[in-house]
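Q: Please build the complex by placing chain B on the supplied structure of chain A, with the hints as guidance.
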Amino acid sequence: MYAIEATGLTKSFRGTRAVDGIDLLVEEGDLVALLGPNGAGKTTTLMMLLGITEPDAGQVRLLGHALPEERSKALQGANFTASYISLPEGMRVKHYLQVFADLYGAPASRVQEMAGLLGITDLLGRLTHMVSSGQKTLIGLAKALISRPPLLILDEPTASLDPEVSAHIRRLLLDLQIEQGFTVLITSHNMAEIERLCRRVVFIAGGRIVADGSPHAVGAKYGADDLESTFLSIAAEHRTRPAPGEAASGVPTEVGR
Amino acid sequence: MNAGRVRAVFKRHLYMTLTSPPRIFDWLFWPAIDIMLWGFLTTFLRQQGAKLPVPIGFLLGGFLLWDMVFRSENGIALAFLDETWSRNVLNILASPVTPTEYTAGAMLWGLSRMAVGWSIIATQAWLVFSFAPSAYGPALILFAGALLLFAVALAMLVLGLVLRFGNGATILAWGATAFFMPLSAVFYPVSVLPGWARAISGLLPTAQVFESMRTVIGGGAIPWDRLARAFALDAAFLLGAFWFARAMFATLRRRGYITRFM
Numbered sequence: 001m002y003a004i005e006a007t008g009l010t011k012s013f014r015g016t017r018a019v020d021g022i023d024l025l026v027e028e029g030d031l032v033a034l035l036g037p038n039g040a041g042k043t044t045t046l047m048m049l050l051g052i053t054e055p056d057a058g059q060v061r062l063l064g065h066a067l068p069e070e071r072s073k074a075l076q077g078a079n080f081t082a083s084y085i086s087l088p089e090g091m092r093v094k095h096y097l098q099v100f101a102d103l104y105g106a107p108a109s110r111v112q113e114m115a116g117l118l119g120i121t122d123l124l125g126r127l128t129h130m131v132s133s134g135q136k137t138l139i140g141l142a143k144a145l146i147s148r149p150p151l152l153i154l155d156e157p158t159a160s161l162d163p164e165v166s167a168h169i170r171r172l173l174l175d176l177q178i179e180q181g182f183t184v185l186i187t188s189h190n191m192a193e194i195e196r197l198c199r200r201v202v203f204i205a206g207g208r209i210v211a212d213g214s215p216h217a218v219g220a221k222y223g224a225d226d227l228e229s230t231f232l233s234i235a236a237e238h239r240t241r242p243a244p245g246e247a248a249s250g251v252p253t254e255v256g257r
Numbered sequence: 001m002n003a004g005r006v007r008a009v010f011k012r013h014l015y016m017t018l019t020s021p022p023r024i025f026d027w028l029f030w031p032a033i034d035i036m037l038w039g040f041l042t043t044f045l046r047q048q049g050a051k052l053p054v055p056i057g058f059l060l061g062g063f064l065l066w067d068m069v070f071r072s073e074n075g076i077a078l079a080f081l082d083e084t085w086s087r088n089v090l091n092i093l094a095s096p097v098t099p100t101e102y103t104a105g106a107m108l109w110g111l112s113r114m115a116v117g118w119s120i121i122a123t124q125a126w127l128v129f130s131f132a133p134s135a136y137g138p139a140l141i142l143f144a145g146a147l148l149l150f151a152v153a154l155a156m157l158v159l160g161l162v163l164r165f166g167n168g169a170t171i172l173a174w175g176a177t178a179f180f181m182p183l184s185a186v187f188y189p190v191s192v193l194p195g196w197a198r199a200i201s202g203l204l205p206t207a208q209v210f211e212s213m214r215t216v217i218g219g220g221a222i223p224w225d226r227l228a229r230a231f232a233l234d235a236a237f238l239l240g241a242f243w244f245a246r247a248m249f250a251t252l253r254r255r256g257y258i259t260r261f262m
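Line by line, the protein sequences give chains A and B. Residue 257 is where the first sequence ends in the working numbering, and the numbering goes up by one at each step. Residue 262 is where the second sequence ends in the working numbering, and the numbering goes up by one at each step.
Next up, chain A with everything else stripped away, as it sits in the complex:
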């Protein structure tokens, strides 16, 4: 059974391909990294997987639900966070988490539970604009975990965290994944983190999948000792300017007005 079934995903902006026929099958309970240089098409792919951007061609099924027809059902079982998502200004952290617990149909007690897990209990009474960027990331993760989702999609979740907090989050994700068995699809530019976290890596460049397998197997294919060297080899081989629709930061830019 697959948590993610994407076939033939294609997206163009103003006639230029940003994502070019991506097929991605992710088995339930797997930890998969979607990697690639800036502008490779990672975030555009994630937006299509979440049903936010409509593909020009191809199909997506999340947890067995076809998009866009069963989008609400699919997203009930998935949750998402990204380093570039902000928090609504002027809300207390506990209210922010409570609203998302309600949106996902999770019990109110989950707010305290998640805050305890992520070590942010003392932030619950604070206003969202009174927390640091690292704390915002932790709150975003608490929001993503609050529904105990069978599928967790994370776009550079630890980008603004220091190494100690990143390591804590990584351990926590691994422990929770073992306990709850959820599926993780993650993007990151921290190759050491991905090596420790994921069983499978999928590299994309120029909107296409160029390598797929265990970190070790993909590294061996490129004659590299670690994932960082693998990344550099792949980036050099497929070096192009950022595809339209993706800025150098990896966040899609506005195109196709």
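Watch out, some of these pointers could steer you wrong.
Claimed, not checked - Chain B is faced by these chain A residues, among others (derived, beta-carbon under 8 Å):
id: 1; residue: L50
id: 2; residue: S72
id: 3; residue: I85
id: 4; residue: G90
id: 5; residue: L172
id: 6; residue: D175
id: 7; residue: Q177
id: 8; residue: Q180
Stated by the list, open to error - Below are the BS3-like pairs computed for lysine-lysine, each with C-alpha atoms no more than 25 Å apart in a straight line:
id: 9; chain 1: B; residue 1: K11; chain 2: A; residue 2: K221
id: 10; chain 1: A; residue 1: K73; chain 2: B; residue 2: K11
id: 11; chain 1: A; residue 1: K136; chain 2: A; residue 2: K94
id: 12; chain 1: B; residue 1: K11; chain 2: A; residue 2: K136
Think of the hints as simulated: they come from the structure by calculation, not from any bench. This one's a predicted model, so the numbers in the text were calculated from it and none came from an experiment. Where is the CB? At the ideal position from N, CA and C, for every residue including glycine.
A: Below, chain B without anything else, positioned relative to chain A:
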């Protein structure tokens, strides 16, 4: 439609408002200041013994009803705009809440916000200027219904424009009602408008309501034909506005405009 998710959207905006003194000020105090302005103008005209073809109360009456349109449209549109300003759109779109549920929650919030604010200024108009909402008679319910439907349509129009053109279009949350106000004949009869403006005014449900209001405040019977026309026009505006907002949302998904809100 999932009622829990609709309530969550409502609570999101309630929580944010309750922790923000500027938002509470905007919600409760600006209308109170506005009513003072129109109340004193009405008092001045009464003291001067101004001879007008309709009772002087139409100024306060007009303001109170127009405030319903402005506050409702503004409240619903701001609920959407708050998501864009706080870069929370992606969180919302990645959640199971459907566009219909989100819109219902935003409408519930916007209309509740208006109802509280309007109750305060209506009480103020009664206590300070001796203008009670009972001056409208039972027609008040019909007037309010027709005006609120128009306000919802305007909010959907603003939402569609923001989805299409990004945050640059947010000024319309305040400007949309102002655009329709002169042609709605809030403070004067439609008959004072030039021919071309009268023609446009005839297509606005608001103009039908305010003409009806002057008739009722003047002691006339409820003009049922005018109110029926107001509701029919509301239906057309609502259909068009929801179609437009839906089409703009589809465009956002197709062209990847989500990046405007990240």
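Q: Each of the hints needs a verdict: does it hold here or not?
A: Hint check:
1. Given hint, L50/A at the interface with chain B, holds; its Cβ is 5 Å from that chain's nearest Cβ, closer than 8 Å.
2. With a cut of 8 Å, the hint placing S72/A at the interface with chain B holds, because the nearest CB-to-CB distance is about 5 Å.
3. Hint on I85/A holds. Least Cβ distance to chain B is approximately 6 Å, under the 8 Å limit.
4. Look at G90/A: its Cβ gets to within about 5 Å of chain B, closer than 8 Å, so that hint holds up.
5. The beta carbon of L172/A is not positioned within 8 Å of any beta carbon in chain B (closest approach about 21 Å), and the interface hint is therefore violated.
6. Checking D175/A against chain B by beta carbon gives a least distance of about 24 Å; that is not within 8 Å, so the hint is violated.
7. With 8 Å as the threshold, the beta carbon of Q177/A stays out of range of chain B, its nearest partner Cβ sitting at about 20 Å, so the hint is violated.
8. The restraint placing Q180/A at the interface with chain B is violated, with a minimum CB-CB distance near 19 Å, outside the 8 Å limit.
9. Proposed proximity of K11/B and K221/A is contradicted: the alpha carbons are some 52 Å apart, above 25 Å.
10. Our distance criterion of 25 Å between C-alpha atoms is met by K73/A and K11/B, whose separation comes to about 22 Å.
11. For the hint linking K136/A to K94/A, the alpha-carbon distance of about 13 Å falls within 25 Å, and the restraint holds.
12. Using a Cα cut-off of 25 Å, the hinted pair K11/B and K136/A holds, with the two alpha carbons roughly 21 Å apart.
In terms of the numbered hints stated before, the structure departs from hints 5, 6, 7, 8 and 9, listed from lowest to highest.
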